[in-house]
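So the sequences go chain by chain: A, B and C.
Oh and the first sequence: position 204 is 204 in the numbering used here, straight run, nothing missing.
Start counting at 1 in the second sequence, then tack on 388, and there's your number in the numbering used here.
Start counting at 1 in the third sequence, then tack on 683, and there's your number in the numbering used here.
Accuracy of the hints is not assured; some may be wrong.
Straight-line distance between alpha carbons at most 25 Å, and here's what the computed PhoX-like set of lysine-lysine pairs gives [stated by the list, open to error]:
{"no.": "1", "chain 1": "B", "residue 1": "K588", "chain 2": "C", "residue 2": "K687"}
{"no.": "2", "chain 1": "A", "residue 1": "K108", "chain 2": "C", "residue 2": "K863"}
{"no.": "3", "chain 1": "A", "residue 1": "K114", "chain 2": "A", "residue 2": "K182"}
{"no.": "4", "chain 1": "A", "residue 1": "K114", "chain 2": "C", "residue 2": "K863"}
{"no.": "5", "chain 1": "A", "residue 1": "K182", "chain 2": "A", "residue 2": "K168"}
Residues of chain C clear of chain B, computed beta-carbon distances all greater than 10 Å [to be verified]:
{"no.": "6", "residue": "V698"}
{"no.": "7", "residue": "A718"}
{"no.": "8", "residue": "F739"}
{"no.": "9", "residue": "W816"}
{"no.": "10", "residue": "I882"}
Hints were generated in silico from the structure; no laboratory data involved.
Here a beta-carbon is modelled for each residue, glycine too, at the ideal position from N, C-alpha and C.
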Amino acid sequence: MAEIVLDKVSKSYRKGDPVIREIDLTIADEEFLILVGPSGCGKSTILNMIAGLEDITSGELRIGGERMNDTAPQNRNIAMVFQSYALYPHMTVRENIAFPLTIARTPKNEIREKVGHAAEILELDGFLDRRPGELSGGQRQRVAMGRAIVREPQAFLMDEPLSNLDAKLRAQMRTSISRLQKSLATTTVYVTHDQTEAMTLGDRIVVLRDGVAQQIGSPEDLYERPANLFVAGFIGSPTMNFLPGRVVEGRVQTAIGALRLGDEVQRDMAAHDTEREVIVGLRPEAFEDAEFTGDEGRLGFDDTVDIVESLGASKLAYFNLDEPPVSEHLKSVADVTGGRDRFGTAQLVAQIDARSRAREGSRLRVTFDPHDALVFDPEDGSRLGHLV
Amino acid sequence: MTAKGDVKSAERRLGWLLCAPAVVFMLLVAAYPIAYSVMLSFKRYDLRFPDEQGWVGFENYATVLTNQFWWDAFFVTVFITVVSVAIELVLGMGLAVVMHRTLVGRGLIRTVVLIPYGIVTVVAAFGWFYAWTPGTGWLAGMLPEGSAPLTEHWPALFIIILAEVWKTTPFMALLLLAGLALVPDELHRAAAMDGAGRWKRFVRITLPLMRPAIAVALLFRTLDAFRIYDNIYILTNGAQDTGSVSILTYTNLVSGLNLGIGSTMSVLIFITVAIIAFVFVKLLNTGAPGSGGRR
Amino acid sequence: MTGKRIQWTVLDVVVVAFALIPVLWLTSLSLKDPATIGDGNFLPSSWTFENYVNVFTDGAFLRPLVNSIGIALSATLIAIVLGTFAAYAIARLDFPGRNLMLGAALLVAMFPQVSLVTPLFNIERSLGLFNTWPGLILPYVTFALPLTIYTMSTFFREIPWELEKAAKMDGASSFQAFRKVIVPLATPGVVTAAVLAFIQSWNDFLFAISLTSTERSRTAPAAISFFTGSSQFADPTGSVSAAAVIVTIPIVIFVLIFQRRIVSGLTAGAVKG
Numbered sequence: 001m002a003e004i005v006l007d008k009v010s011k012s013y014r015k016g017d018p019v020i021r022e023i024d025l026t027i028a029d030e031e032f033l034i035l036v037g038p039s040g041c042g043k044s045t046i047l048n049m050i051a052g053l054e055d056i057t058s059g060e061l062r063i064g065g066e067r068m069n070d071t072a073p074q075n076r077n078i079a080m081v082f083q084s085y086a087l088y089p090h091m092t093v094r095e096n097i098a099f100p101l102t103i104a105r106t107p108k109n110e111i112r113e114k115v116g117h118a119a120e121i122l123e124l125d126g127f128l129d130r131r132p133g134e135l136s137g138g139q140r141q142r143v144a145m146g147r148a149i150v151r152e153p154q155a156f157l158m159d160e161p162l163s164n165l166d167a168k169l170r171a172q173m174r175t176s177i178s179r180l181q182k183s184l185a186t187t188t189v190y191v192t193h194d195q196t197e198a199m200t201l202g203d204r205i206v207v208l209r210d211g212v213a214q215q216i217g218s219p220e221d222l223y224e225r226p227a228n229l230f231v232a233g234f235i236g237s238p239t240m241n242f243l244p245g246r247v248v249e250g251r252v253q254t255a256i257g258a259l260r261l262g263d264e265v266q267r268d269m270a271a272h273d274t275e276r277e278v279i280v281g282l283r284p285e286a287f288e289d290a291e292f293t294g295d296e297g298r299l300g301f302d303d304t305v306d307i308v309e310s311l312g313a314s315k316l317a318y319f320n321l322d323e324p325p326v327s328e329h330l331k332s333v334a335d336v337t338g339g340r341d342r343f344g345t346a347q348l349v350a351q352i353d354a355r356s357r358a359r360e361g362s363r364l365r366v367t368f369d370p371h372d373a374l375v376f377d378p379e380d381g382s383r384l385g386h387l388v
Numbered sequence: 389m390t391a392k393g394d395v396k397s398a399e400r401r402l403g404w405l406l407c408a409p410a411v412v413f414m415l416l417v418a419a420y421p422i423a424y425s426v427m428l429s430f431k432r433y434d435l436r437f438p439d440e441q442g443w444v445g446f447e448n449y450a451t452v453l454t455n456q457f458w459w460d461a462f463f464v465t466v467f468i469t470v471v472s473v474a475i476e477l478v479l480g481m482g483l484a485v486v487m488h489r490t491l492v493g494r495g496l497i498r499t500v501v502l503i504p505y506g507i508v509t510v511v512a513a514f515g516w517f518y519a520w521t522p523g524t525g526w527l528a529g530m531l532p533e534g535s536a537p538l539t540e541h542w543p544a545l546f547i548i549i550l551a552e553v554w555k556t557t558p559f560m561a562l563l564l565l566a567g568l569a570l571v572p573d574e575l576h577r578a579a580a581m582d583g584a585g586r587w588k589r590f591v592r593i594t595l596p597l598m599r600p601a602i603a604v605a606l607l608f609r610t611l612d613a614f615r616i617y618d619n620i621y622i623l624t625n626g627a628q629d630t631g632s633v634s635i636l637t638y639t640n641l642v643s644g645l646n647l648g649i650g651s652t653m654s655v656l657i658f659i660t661v662a663i664i665a666f667v668f669v670k671l672l673n674t675g676a677p678g679s680g681g682r683r
Numbered sequence: 684m685t686g687k688r689i690q691w692t693v694l695d696v697v698v699v700a701f702a703l704i705p706v707l708w709l710t711s712l713s714l715k716d717p718a719t720i721g722d723g724n725f726l727p728s729s730w731t732f733e734n735y736v737n738v739f740t741d742g743a744f745l746r747p748l749v750n751s752i753g754i755a756l757s758a759t760l761i762a763i764v765l766g767t768f769a770a771y772a773i774a775r776l777d778f779p780g781r782n783l784m785l786g787a788a789l790l791v792a793m794f795p796q797v798s799l800v801t802p803l804f805n806i807e808r809s810l811g812l813f814n815t816w817p818g819l820i821l822p823y824v825t826f827a828l829p830l831t832i833y834t835m836s837t838f839f840r841e842i843p844w845e846l847e848k849a850a851k852m853d854g855a856s857s858f859q860a861f862r863k864v865i866v867p868l869a870t871p872g873v874v875t876a877a878v879l880a881f882i883q884s885w886n887d888f889l890f891a892i893s894l895t896s897t898e899r900s901r902t903a904p905a906a907i908s909f910f911t912g913s914s915q916f917a918d919p920t921g922s923v924s925a926a927a928v929i930v931t932i933p934i935v936i937f938v939l940i941f942q943r944r945i946v947s948g949l950t951a952g953a954v955k956g
């Protein structure tokens, strides 16, 4: 059990820019930390540096207070679960799980006991004498987990351990991993590109982009107080709606009407008396069909519904707005979230009650709580504050 | 802190170090002799007249290239190569399809065809030799009374080609099989849905996608066939104008002991093989864009 | 469905006949007695092992057989060791000259051996290697190297090297990771390459008759071609066919045991090439 500290850790290859830029991160003992971001953001590189599988170019890595930069991976007492599971195909499940103990020359009966225990926790009892090739994806994943937990390491590193499973199994395994981590109380660093996994599993989440930590915080922080457009767009599904706006005399002019700014954000905006461009962010789930809310204390608009999708528990209503917001930061969000594929229209998505009578082609009034609206700076992408 | 550059250069050094022994072998046993051969080809060097050594320029080349025996052997070699590779391609393709698609005894078939591939060529050649020997052979017995095919030019060439085809078709088939396995089954189903019959699918889908595999198989086999030696040595030893360039070179070595002339022929064979390889690689490369899609 | 099965069975039978009849013919010939050996029948009318007994008792074959085994095994061993080094470097390390190495190997594989006969004959005579085991082992290793390098580098490339990392994370040292994880996974590739290299060396005839002059180092295929028939019967047919069957036995055994590996080894290099 140990605390892991990354102190201004950078990584660059011989040619080109650094892939990791001065990451400062303290992972508390027993914490479950998620590294999340689009592919190429450097999350796996960070994990590999903690593991010792990649060199650290500059900065310091400490595990349990000890400098680890030059320690070989086998001497760090850290276990890792790989995306491909990396099970040894020539060994049985039992031998795979026992491998770290065999290497450590653990006495035979102790190995048997520990492997048995791990197999029991992971419900692998019946498969111990099979080879990895004879197992299903979920079983292989559990063998990989077994190999990691059996030697009671200082920390677990998991590199997208669920990405090779189908959706249903992934949800199940997510819960099991969460439960397992709580019961073992071992520091865990978990890499994923899936924001749902990040939100459901982590005590804290690091959102990475191009080797830079965009925000480090609890799932609630990231959801309610995203530091910038990238985090706002990356976290949450469906993706947050972004509307271009112009601040004129304490109001933001947008395609869904003029929204009054709260006093606080007005005060924060240094140039509140001159006109300036902003981007308003509204999560789809902030909206509701006006039929169920009334207009009391809420803002709203009505427009023609383009498409309605039923999710069972709720409905998604799509509106076409006049013009999309312009910001370099939004482009990169769109690249990551697949927003580019929305056929270039400026869409607004509202997640509304399943009982709503919204129809494609007919008009619908939706409302939202102004407290849920965020205001961003289109220039540097940072969050200026809440609307109210 | 280890700089990344050190790791890289260490890796480079290790790479060279690990390749070095193999390179030394190939240089000493292949590159050096061929260079030595080039040198000898410009010399008079006859072991029967060891005192008469000296530089003669292109005289040896003139001697060889104006010699009827050389050209006979050259065209016999070309003939055997072209005919046997052509037959092998057709048979090999059929064999590959059988190995790929058969519903019965796939393992058996794949095992059995390895026998001709693995068998010692000389052994197989003896099998054919006795089979066609009048009196002794079961195949000769099927021919009209008094015929001795191995003592006549065309029948002997035919038997040499038969022996060569039998021995090497499995290898051709395995190379083609590998290409065949790369054609996704889904494409066949799609083509069938598009209304293509079995033959159409083979010609329009399978063959174009197999083009790289076919080209590689042809290259391997053509170069291999061009060095044909063992089969001819056993079956006719070059009699009745059935000798290949390899047979001629060897005969010159043991009976003539004329190393200057022998080296000249070695160099000429090497150049011919290089030209064949070059032409093939050119064709392969120009064919690549149309047949690409992999990788 | 049954119609299809019958169709394929017929094709299979044709293929099997095509592949086996020449071998069966030699075997049958080797089992005929001297009186019926010239009768031209495919099957022997009376069976005898006399030819096999003769081949081993008159001495002209035993020594070459030993030579063949010794030389082919030595060449295979050396080629495998050197080939493994080179293939590992090609598959796993990043160094300039990697493609050059593969190109050189391909060049050697395509090399007309006869071009080497004259120069090697002369070089080996002056170095005292002519008519010795090393005199044959050298060219055999050289021509087995391309094969082993291609086969094994394809094989090495397919090993999931993440396992090496996994083993290190499990606490294994680099050497332990190599010995416990990589070696067991690489063994099939090494075996495949070894079988192919052995078959190739075992098969050679041209070098065997050019670079040897006596039984001291003459290999079995060369010796068979020099059988003139022992004193009791002028016709060597029986001895030749018996000897031929004997040198075919190892090949048949290899094919039966390593069928899958030989197929994958032969095709691996070609497809990627």
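The hints, checked one at a time:
1. B:K588 x C:K687: 20 Å, holds
2. A:K108 x C:K863: Holds, at about 18 Å.
3. A:K114 x A:K182: 19 Å, holds
4. A:K114 x C:K863: 21 Å, holds
5. A:K182 x A:K168: 22 Å, holds
6. V698: Nearest chain B Cβ is 6 Å from V698 (chain C), so the label is violated.
7. A718: 13 Å, holds
8. F739: 17 Å, holds
9. W816: W816 (chain C) clear of chain B: closest Cβ-Cβ about 15 Å, beyond 10 Å.
10. I882: At roughly 5 Å from the nearest Cβ of chain B, I882 (chain C) sits no farther out than 10 Å, so the non-interface label is violated.
Of the hints listed earlier, those the structure fails to meet are numbers 6 and 10, in rising order.
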